[in-house]
Every structure is written in C-alpha cells, then in structure tokens.
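J.: Sequence:
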Amino acid sequence: MSSDETPGTGNSEGDRPTLASDVALSTDTKSLDPDHELNVWARENKVGLTPKVIQVNRKEQYAIIGLGAVVAVTALPLGWFAADDGKRALIFDEESAVQVELSLADAGNLTPEQIFESIHAQMKEQFPDVQHIVLELAGMPTIGFRGVKAPNGQPIDQAFMYKPCPLKKGMLMQTRVTAVPERMVQAMNLAEVLTREMKWAGE
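In the numbering used here, the protein residues as written are 10 to 212.
Think of the hints as simulated: they come from the structure by calculation, not from any bench.
Mixed in with the good hints, there may be bad ones.
Claimed, not checked - Distance condition first, Cα-Cα at most 30 Å in a straight line; then the derived DSSO-like pairs of lysine-lysine:
#	residue 1	residue 2
1	158	177
2	39	61
3	208	158
4	61	178
5	61	177
6	158	172
7	39	96
8	39	178
9	133	96
10	172	55
11	172	96
12	177	208
13	208	96
Given the sequences, and given the hints that come with them, work out the whole structure.
T.: Structure below.
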C-alpha cells in the first residue's frame, strides 16, 4: 500500500482535527430512533440495541450516546446508526458501506505491535495478496489493510486501531474500521471523532 493509498484521516482544512460535522450524514436524529426500520432489524437480529441518546447538539451535528460495550459515552455524528450488544458497539451507515466496531480487549502484556503481527498473519493466510501498512493515526497505533474481500466478494479496506482503556490495566479499546475503498477516508475520520470524544465511566 503506497503512502497516497493509506487509509487515514483528512479534512478540507488541512491538519485540524476532524469535526463531527465533517462526517455527519444528516442534521436530524432519525437514525437514533429505536423504531427506525434499520434499528428494529438490528434488534430483532441480535446485532444490538440502539444506544441511549444523552444529549443532541444540532449546531455541531452530533449526539452524545452511551455505549455499554465499552463502558463509555462518545459523540456520534448525526445520520449514523448505532447498535450495541454489550460486547461490541457497531456504528454504520444505511448501506453498510462503512462500519466502525468498538470493543474492549484484555491485551495482558501484549503491545499493539504484537497484536498487529497476529492480525497480519491471519489476514495473509485468508487473503494472500493483501497489502498492509502500520502507522499512527489520531494518536493510536494502527494497522491498515487493502485487498480484503467481504463474504460476498466485494473488495473492502480494513483498519485496526488501539487505545488504552483506563478501566483496567492491560485493557485496550479496539476500533475496527471496515469500508468500501472509496469511503475509507470518511470511515477513518468517523473513527477519529468517536475515539477522540470517548469518555469512560468515572472520568
């Protein structure tokens, strides 16, 4: 994967942090209505429940939501859907062209780099031609992959990002980003907002 193909963050104003409004898909909160057909589908198919909305900032286009899977609250740009099954929180769009999955992992004494080695080996075994890059994005160790295929054969990009979680020593929050290649930058920008605005219980 060449440097100009790196899945990463970016916005129209250079190096400033990505704002929720940069990646918001709407100006309303319909996607967070538990009775929306997609949220009903997610609930009935055990994908997860629609998170509780704590606060809405329409001017800056985000909602503060509670995520039980990572024992935290964060800012979700408006228009995105969310489902939480207690073990993972999934953020996605209506077409499922972008998915950001948040979960906690007890890494023990493993470093993110050691975890990356394991992920890369698994990816290489499943997709021999996969390309990868290891870098730091939004202050988090990250490994990105190109050449992955979804179960339906569609090409996708994936990235795994890790952030220390203060709830327990050795615990990391894993952010897994999956998107069709043409929307990977948007997906990574969404992940940047979600992880940067994360506030764990007790903070």
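J.: List, from low to high, the hint numbers that the structure doesn't satisfy.
T.: Hints 1, 3, 8 not satisfied by this model.
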